[in-house]
Amino acid sequence: MTPSNERAIIFGAGTRGRDALAAIAASGPVIGFADNDPNQQQTTVLGHPVFAPSALSSLEFDVVYLASGQVGRIRRQLTDLGIDPSRIRLVAGLEDQPMVPGPEVAPPQNSLDQYLNKGYHDIAGWLYMPAVEATLMLADIQRAHLAPGPLCEIGVWEGRYLSLLSFLPETPQRVLAIDPLYHGGDRDAQLARLQHNIATYARRPDLVTLLQRDSKEVTPDAILAILGAKCQFVSVDGDHTMEGALHDLQIAEAITAEGGIVSLDDIPNFSCPGVTEAIMRHALDESSQLAPFLLVANKLFLTQKSYCEVYRREVTARAGAGAAGDWGKKVLAHYQRMKALNVPVRFLGQELLVAA
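With the working numbering applied, the sequence shown covers 594 to 949.
If you are wondering where the hints come from, they were derived from the structure by calculation, not from laboratory data.
Among these hints, one or two may not hold up.
To be verified - Each pair of labels, with its calculated beta carbon distance range:
| no. | residue 1 | residue 2 | range |
| --- | --- | --- | --- |
| 1 | Ala-910 | Ser-679 | 50 to 60 Å |
| 2 | Ser-679 | Ala-949 | 51 to 61 Å |
| 3 | Ala-926 | Ala-818 | 40 to 50 Å |
| 4 | Arg-666 | Lys-898 | 30 to 40 Å |
Claimed, not checked - Here are the computed lysine-lysine pairs in the DSS-like style, where the Cα-Cα straight-line distance is at most 25 Å:
| no. | residue 1 | residue 2 |
| --- | --- | --- |
| 5 | Lys-898 | Lys-923 |
| 6 | Lys-932 | Lys-898 |
| 7 | Lys-823 | Lys-809 |
| 8 | Lys-922 | Lys-932 |
| 9 | Lys-898 | Lys-823 |
All residues carry an ideal CB built from backbone N, CA and C; glycine is no exception.
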């Protein structure tokens, strides 16, 4: 090996990987190990962290050194994760093997029940159960109006809402998480918790990409290049200043599919009034097509103006049938009470359903 200062991941935390560490470290920094063994993951080997393979999409590295006898299988696994074959190398003593087609190995998949019964409670964050229930119901309504599509969240903290979003499409889809991860004090610890939560509770951890950048440095085109299509659902929960939230709303509108939904967090939250100002400024832009239709537990749900009535009608119908839980009863009661008082409940030019 010649010194190149390349940042490396060693795939295989066993004896072969440990033996290769010194030689690889002589060529550049070793970020850590990756291993398919769950008992190895979230541990350290010779002072280096051991990651689940699904975490590689969120790490910054240049090359992966294979340190396992299952060269062909792991090379195929890495290419399935989107790692270019030119970045995959072998440690000394291993011979390359062709990526012969073998029996398909189903990627790791977690369940919605696991998230609802455990993940929702274990993952740190500010998310109320009525918002969870409303999000799941809106996704069910979506299935009649648009094909399954990717998802995106701007501002993910430790992945509490992000993990839920991964279950919204009828079939597993790509998920993009955008967060600079500089609000938690210990960035490395926050990153480790986020990666653990994604691996443990997201529907398909291998389909989640973490972009560790400020959203102001990201363009809609860059997001669509990663996801490959416009989004079924976008969550905006990042910068809570007016300028930051307005920028994120502009991104959300550009990447949301027709009939897709954008959720805006912290409406109303008077500790960060900039978010409310941002949605008002965004709505006043004549080119904007996003409009609100539902407010539940601090989350404002928006879609294109042409779809607002579709969602309002479905929400009120399900609430009237008792299929929307306690939050649906509150939506219906508030709607009927304000109608009896002849006081229209409107926000930004649209009738708004409110769980009051």
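Checklist entry - How does the Cβ-Cβ distance of Arg-666 and Lys-898 compare with 30 to 40 Å: does it lie in that range? => result violated (50 Å)
Item to check | Proposed proximity, Lys-898 with Lys-932 (alpha carbon, max 25 Å) | outcome: Distance ~22 Å between Lys-932 and Lys-898 Cα, so the pair holds.
Next on the checklist: Hint check: Lys-898 vs Lys-923, CA-CA at most 25 Å. Holds or violated?
Outcome noted: holds (24 Å)
Next on the checklist: Please verify whether Lys-823 and Lys-809 have alpha carbons no more than 25 Å apart.
Outcome noted: holds (19 Å)
Checklist entry - Keeping to a limit of 25 Å between CA atoms, is the pair of Lys-898 and Lys-823 held or broken? => result Distance ~17 Å between Lys-898 and Lys-823 Cα, so the pair holds.
Next on the checklist: Given the hint of 50 to 60 Å, is the C-beta distance from Ala-910 to Ser-679 inside that range or not?
Outcome noted: At roughly 54 Å between Cβ atoms, Ser-679 and Ala-910 fall inside 50 to 60 Å, so the hint holds.
Item to check | Verdict for Ala-926, Ala-818 (Cβ pair) under range 40 to 50 Å | outcome: At 45 Å between Cβs, range holds.
Next on the checklist: Quick check on a hinted range of 51 to 61 Å for Ser-679 and Ala-949, using CB atoms only.
Outcome noted: Roughly 57 Å apart at Cβ, these two residues keep to the hinted range, so it holds.
Checklist entry - Hey, Lys-922 versus Lys-932, does the alpha-carbon distance stay inside 25 Å? => result holds (15 Å)
Hint 4 from the list above is the single one not met by this structure.
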